[in-house]
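Peer 1: Chains A and B are the protein sequences, given in the same order.
Convert by adding 846 to the 1-based position in the first sequence; the result is the number in the working numbering.
Convert by adding 846 to the 1-based position in the second sequence; the result is the number in the working numbering.
Since the hints were made in silico from the structure, they are not lab data.
Please note: incorrect hints may appear among the correct ones.
You can't tell identical chains apart in this list, so a pair holds if it fits in one copy or across any two.
Quick list of in silico lysine-lysine cross-link-like pairs, DSBU-like style, CA-CA up to 30 Å [claimed, not checked]: (1) K1225 - K1320; (2) K1320 - K1568; (3) K1424 - K1568; (4) K1150 - K1615; (5) K1320 - K1421; (6) K1393 - K1225; (7) K1079 - K1023; (8) K1393 - K1320; (9) K1393 - K1615; (10) K1023 - K910; (11) K1079 - K1424; (12) K1225 - K1317; (13) K910 - K1225; (14) K1393 - K1317; (15) K1615 - K1568.
Quantities reported herein were computed from a predicted structural model and do not represent experimental measurements.
Number of protein chains: 2
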Amino acid sequence: MELGEGLQIIDEWRIQENRFREEQLVTQGSNFMTGNGYLGYRGTFAEWRAAQYVGCFVTDTYDKADDTWVELCNAPNGLFAEFVADGQPLGVLNNPAGGYHRTLWFRYGLQTRSLTVRTPSRAHVTVTEERFASYAALHVVPARYRIESDRPASIVLTWGIDGEVWDLNGTHLRRHKTRVESGGRLSVVARTGTSRVIVAVASALQVVNGDELQNTAYHHTAETAGGRSIYRKLELTVGPEQPVTIEQYMVVYSSNDLADPRSAAVSMLESACSSGYERMWRQHQAAWDAIWRDCDITIEGDLKAQAILRFNLYHNIIATPAHSDRLPIGARGLSCQAYQGAAFWDQEIYNLPMFLYTRPETARQLLLYRHRTLGGARKKARELGYEGAFYAWVSGKTGEEICPSYFFVDVLTGRRIRNHFNDWQIHISPDIAYAVKRYYEVTGDWEFVRDYGTEILWEVARFLLSYVFYKPAKDRYELIRLLGPDEYHENVDNNFFTAVQSQYALRAAVWAYDAMSEFEPQRWSELSSRLGFGCEQRERCEAVASKLFLQPADPRTGVIEQFDGYFQLEDTRPKVLKQRLLDPAEYWGWPNGVAVETQVLKQADVLQTFVLHPWQFSDQGARANYCYYEPRTQHGSSLSPSVHAVVANRIGRYEEAYEYFMRSGTIDLLSTNRTVSGGTFIGGIHTAACGAAWQIVVHGFLGMQFCNGILQFRPRVPFWWKRVAFPLVLRRLRLWCELEETGRLIVTAERAGEGELPVRCGSREHTVKPGISVSFSVRG
Amino acid sequence: MELGEGLQIIDEWRIQENRFREEQLVTQGSNFMTGNGYLGYRGTFAEWRAAQYVGCFVTDTYDKADDTWVELCNAPNGLFAEFVADGQPLGVLNNPAGGYHRTLWFRYGLQTRSLTVRTPSRAHVTVTEERFASYAALHVVPARYRIESDRPASIVLTWGIDGEVWDLNGTHLRRHKTRVESGGRLSVVARTGTSRVIVAVASALQVVNGDELQNTAYHHTAETAGGRSIYRKLELTVGPEQPVTIEQYMVVYSSNDLADPRSAAVSMLESACSSGYERMWRQHQAAWDAIWRDCDITIEGDLKAQAILRFNLYHNIIATPAHSDRLPIGARGLSCQAYQGAAFWDQEIYNLPMFLYTRPETARQLLLYRHRTLGGARKKARELGYEGAFYAWVSGKTGEEICPSYFFVDVLTGRRIRNHFNDWQIHISPDIAYAVKRYYEVTGDWEFVRDYGTEILWEVARFLLSYVFYKPAKDRYELIRLLGPDEYHENVDNNFFTAVQSQYALRAAVWAYDAMSEFEPQRWSELSSRLGFGCEQRERCEAVASKLFLQPADPRTGVIEQFDGYFQLEDTRPKVLKQRLLDPAEYWGWPNGVAVETQVLKQADVLQTFVLHPWQFSDQGARANYCYYEPRTQHGSSLSPSVHAVVANRIGRYEEAYEYFMRSGTIDLLSTNRTVSGGTFIGGIHTAACGAAWQIVVHGFLGMQFCNGILQFRPRVPFWWKRVAFPLVLRRLRLWCELEETGRLIVTAERAGEGELPVRCGSREHTVKPGISVSFSVRG
């Protein structure tokens, strides 16, 4: 099934590129990447180098080079392999004779590439390579090459570790040490300039034919290049019915993983070599099968939707460091260095919900990361004159703010722009509090609340109490000088979304106070005195929450004003603004971009509250606000279309909902976006949109909500979908949900579970218990 | 005495230009202007037209043309006169043979120009013209020409009304009707397009020789030009010992003066013609003599300082519509249309103090204007969501905000800039309250407080109460999102100057409340219920004033932070920033100018508080803040140097004080400023600096303060000044102050006065009473 130019859906688990497009170097390298939450290896080719955006980005290797931006390191490429057949280098960039394809099997994160070249001696040599980032051994990326030829051909293979890597902002790795390790394996060890993280990469190659090693036809020659790379050369021959199979392993460790990353890498490499590719692959498959058992959504009757959905779920999974409770999900995952490998609000609002309902232990890891980074959030609050926890807008390992004050450059003047992402976009803190409270509601994990959640909630509340102003003339509390989700409007007051989230967070703090004092009086007392959150703070939270100014819905139209004075701005449309651009690369927002004084939004803002608090708003309210804001929204953020998909479906705009679902799901797959904006590289996988794909299907098309302990559905899926099925886990009860073509919704609780849960659909309510199915008629 | 290039001080009352510089057309037209507070006639030449910036700007003729800016009209030029001698047009722009000079005698606002041309028949013809805007008949500008020749020459004189005027923003006058009135006089009547103000100009010419009319040698021919102008032609001969003297009168009325401006103009013209130039001149002189008796300052021993000072006092006087209680002082006076002929905070803080201490009835007129414009201020407050009176940043006749939201254009992008002069620069309201309270303190005019002042004070206080935020976390009130006097830093919090003024204003409202309730219970009760300013408001004023956050002086350095976070900005200097400009015409401030993120100030801000509240700050405080802020101040505003002069003198930096005095006093005289900035014409007389000249001498050099009913001096004048003498009027007691070369300060109260006043100098205090002198030894 043709998806885009040269891009196909092969089946519900596979996409393939069959025409190489050089202008898509950045995008397809991200789309076809493999990864495992510890590292991300871009979907590039064995013979490629930095100029082709080869990259292997490793978690927990933050560094700030040349006083620019904190970002993750791109490790030396331990899977470099260049094939020269009869003197003709093999590569898609030089005279391929055909047979090109690049495939991603997202079921197992396997990337395959095949290419045929014609040698000067008229042999057609085909090399097929495949690789995967192991989910069973997170530090290893095994690769396998199969070389075939219709005539005898001599192959020279240069392989090893390419240390000349693509870096976005300054050179991170320095003082490279290249080594030939025992058994002819190679290693490169380097250290980041500022953060002093040691990164060790080891690489090995072994030639296999069938199961046999061909000893005769090759020898290795070690050579180093530029002091940063180390290669070996291998000569061998291939011929008809004499294909060669070669395996290569790359292993990465950093000094943040363990004390001696080089030894660990070399030792793990040895272990990989002795396991062999096939065995590692089987272990890896088993790990993925377990993941999909928890997270997959089956859609029957719509191959395109099914494949695109899984592509997105896949990328949300591989971006998530589920193995760790001290690492964030990067806004571009591990697909590149853009956005600093760091968490934004995207993590809690876009990436996390899928895990919350399917692998709550992963959601917990992410929230533990937020607990671990309270120190950074407290520091930020203190430095800006506030109390409590003002979470970093861009949060790396420590949680200290690493969002640069100057994110864009004004392309018209060359002057840098002081955007206020880091100091005015305060909703990040209540967003995290929202995720904590929702985590508890969905999982019932009281221990988390007791040991970690309460501290987050109280510290966020303390921040809000220190931030808020009381307006005596109006007897209300106000939140002033904000930047809401719609980043085109900085310096606004009483942004509705921020106020709703803040009110929720303040009430969550009160809830935690009451629950802790009742159920954990000792811990409550200890925490209360340590954090300075006592009876007075609890009362202030209540007072502020009850008198916090929330823009009211216009009684006539039902539309909620995005912030004070928004309705007074010029009422125009994105396409009109586009004509006002002096340069297509201009930033539309602060300080003087084309959207600043208009009602044009970058992304969903008021509508976002309808997704997070659906039970607080009526369908009429959703309709009024959707109809008002949708035409004014530019979708300058990848976070925007998914919100529109969910709300459009809710209000019965089904076609639009499906269009927004497709738009959100193909942001990267069909990307023709610029990879650089205002001088800043912004390419890579939009992991928030990937996480949102799950929400569109479950919250949007299935209308699933979990509120006050009741699981609700309101399924309105595209009419051509024959079946939708997916697992959920709520309060430790594992459920299997199926919407059948017959129009029945069946919810089954796993036999091994515990507890019970009311399920509602339409006007009916049933209770599921372990081993019991409940069923609803959806159509009629 | 040479003052600048081609510019001389002739004596302490006169400047002269003796070399014409075309590039100074705008500036010298302003400098040499004549005016009387009703109209301002630029110091141009009789034969000049719009291209040479001829202008006669008339108060109370506001109009908004082509939907651009509200501004005053430039009336048709009723003093046009073009002399052609033997076919050779006489003019400074074409072949002058010499003898050129342009003089301003600021004692009487008389502008003189003389020029000699050589005709084709080798005659040297000299025309001398002079004109003054009558202070005895405000609608009349009489002019006189004297034509001499060393050989017989035939002169053709075209005179009349030139209706093709110089307009800054759109064409204001439309539907011109030109007429030949009885007696061969001419008139043009036109109407503004939007505001429908009728402007009538009449012009007459009469030939005089000595006292005799020469009937034989001329005749008039009326002609109209372009429908907007009307001219007559006059032919006459001149020869050796046969000079000709001609008088011309221009009269202007508008429909805002009276119902039928044309009839009034024609009738006044007739009266002027019959009075004749000489008689009008004598009446005019008498009026000026009375003004100077009240306002002049004599400086002996420093001709330059004396002349420059008087030049400034002159311009402050002619800019001030002292005849009316419903008109503002324009920031450029009546010298051009720039700054919309409208009042800024300049009026109360820069122009008014000189009148407050010398002609309090004029200060009263200005404050009555603010009372009359409360409606506009209330409207502005209401529209922006506040209560009470938020005075217009740019205030015309009605007091409604006429400051355009887009004042500048970004010269780098061509995009207009949304400066927040009109909505964030809130100090305008407390500044006016400050002037009201100070007016009462200096004059003791309780009737004014009762009938007008209280209403202003309460309405300003109500505005502040509605504007201020309470910060619960810090238990204090804060003023958020401000623009202080330093306009390079918009969107700042807790600007010190604004906070000090607001605190003063709130306390003034409490004072008025208490005084009114005690002395005028009936009026108090009526006003209190009408304005909604009762006991509760009074208490809120007290509460806010006492807990309003004022930046504290740094305990180590004594420096007061200009606003929250100012000290964190890049610490650099104006000359460094200048090198960062991409275009010399760039605006330095909001949103992304070179100064925005630095500590470089446009103008005095913290230091301004030291001038307005000198008794609240110690000399050490003044020194610390002067030393900190002075090097960081760019003086991008004409309001800045005078503040520095006063504070520099206070802290003993006498040379700098004198330099700043000179700099402030010659802002226009020696102007090399651009007349257009960011696409906006900003030429014309800087009347605030003119008013400030008085303050520099009296508050600065003489160290005069009037606080708590005590008149204090602390004279430290330049050592070469032999004598300084000036009148003051305090609480109806007229004083004559003299600082003698011997180092004695003598203060004498006029015999006819009433009351008594403590006078303090150094550690001594005496009491002056009518007819009594007190004397202090200053040096030692």
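Peer 1: Compare the structure with the hints numbered earlier in the document and write down the numbers of the violated ones, lowest to highest.
Peer 2: Going through the list in order, the structure violates hints 2, 3, 4, 5, 9 and 11 and respects the others.
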